[in-house]
Amino acid sequence: MNPAVRKTVLLLVAFAAMVAGLFAWRMTLPTRIPAADLEQLGLILFEQPRPLSQFALPATRAGVVSNDDLAGHWTVIFFGFTHCPDVCPTTLADAAAAWNKLAQSDQEMVRFWMVSVDPARDQPEHLQRYVEHFDPRMLGVTGDVPALADFARMFNAVFVRVPGPQENYQVDHSAHLAVISPAGSFVGILRPPVQAQQIRRTLELLLRHYPFEVV
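Taking our numbering, the leading residue of the sequence shown gets 682, the next gets one more, and so forth.
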């Protein structure tokens, strides 16, 4: 090979390798997401994911759920109760609609839990029928009040029974959605009121780009 041609080829190979290296390095950098986009979604992400304390709670299909059941997929947790007249059914309907609008591969990477804050009335069989009305893949979670209060506290949620008729009382509760990463860490919340499009766009953003840099 002509020395001049050989030199040119080597320079081109070196340049291509440098470009490939820069591209690979760039791909390792976090995606940059404008803070305004998160604000529009109502998504609050923590600066650092928050590890969760160990828990074990009865669930409608799984017997008992624990931290292990949060691993490997995104989980969205909502605190509510089956006798809730408005916020709970609306939120669950929107969550189900959002879930079903995701691509099939994305749907498989998402779980939705409704954690009942009314264990006295929401027995497992009743709770299961309720959540499956919205989507058969949804999971209902319950437990005794102290255990539920501890669990809710991990997700910045609270609930309290409102004094009223013995069988007709209401329960005031937080209405945000807690978002847990595939690593099993609490990473943020969706502020209420939430709607199907908001939930879907949030999940797509997390599935495609998390972790990302907020700018």
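Because the hints were derived from the structure by calculation, they are not lab data.
Misleading hints may appear alongside valid ones.
Below, in silico cross-link-like pairs of lysine to aspartate or glutamate (DMTMM-like), each with a Cα-Cα straight-line distance of 20 Å or less [stated by the list, open to error]:
1) LYS782 with ASP750
2) LYS782 with GLU813
3) LYS782 with GLU885
Tested hints:
no.: 1; hint: LYS782 with ASP750; result: violated, 24 Å
no.: 2; hint: LYS782 with GLU813; result: holds, 17 Å
no.: 3; hint: LYS782 with GLU885; result: holds, 10 Å
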